[in-house]
Amino acid sequence: MISAAHSLLLIGVMALGTMALRFLPFVLFSRGTPKIVLYLGEVLPYAVIAMLVVYCLKGTKVLSAPYGIPEAVSVLLVVLLHRWKHSTVLSILAGTICYMVLIRVM
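All the letters of the sequence shown, read from the start, carry residue numbers 786 to 891 under the numbering used here.
Hints are not guaranteed to be accurate.
What the hints assert, rightly or not - Label-pair restraints from in silico Cβ distances:
1. A789 with S872: 14 to 24 Å
2. H867 with L825: 34 to 44 Å
3. R816 with A857: 41 to 51 Å
4. L848 with G797: 51 to 61 Å
5. S872 with M836: 19 to 29 Å
6. L875 with S788: 45 to 55 Å
None of these hints come from the bench; they were simulated from the model. Each residue gets a CB set at the ideal place from its N, CA and C atoms; glycine is no exception.
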């Protein structure tokens, strides 16, 4: 059984580690943000989205029924809604609902 002192010590070490990780960027970049960090801040969101799309569509079976139609329709809906309304929440929610309905119907 873990004693109260041991638990408090663990919580303290975790709190210090968390604080150190939170304050480290401010200490390292006190003179300004390096160009590579600014570049990564611009390109990483798009790379993550592309990776998520590939991960979500990797199991799509296009050679057997329903031939990837629910996935294609849902992706098209997400893209069109996002281009039209510029609302991430709306496009993801509508795409998810569309996909769930299509996989149950088809």
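Ascending list of hint numbers which this structure does not respect: 1 and 2
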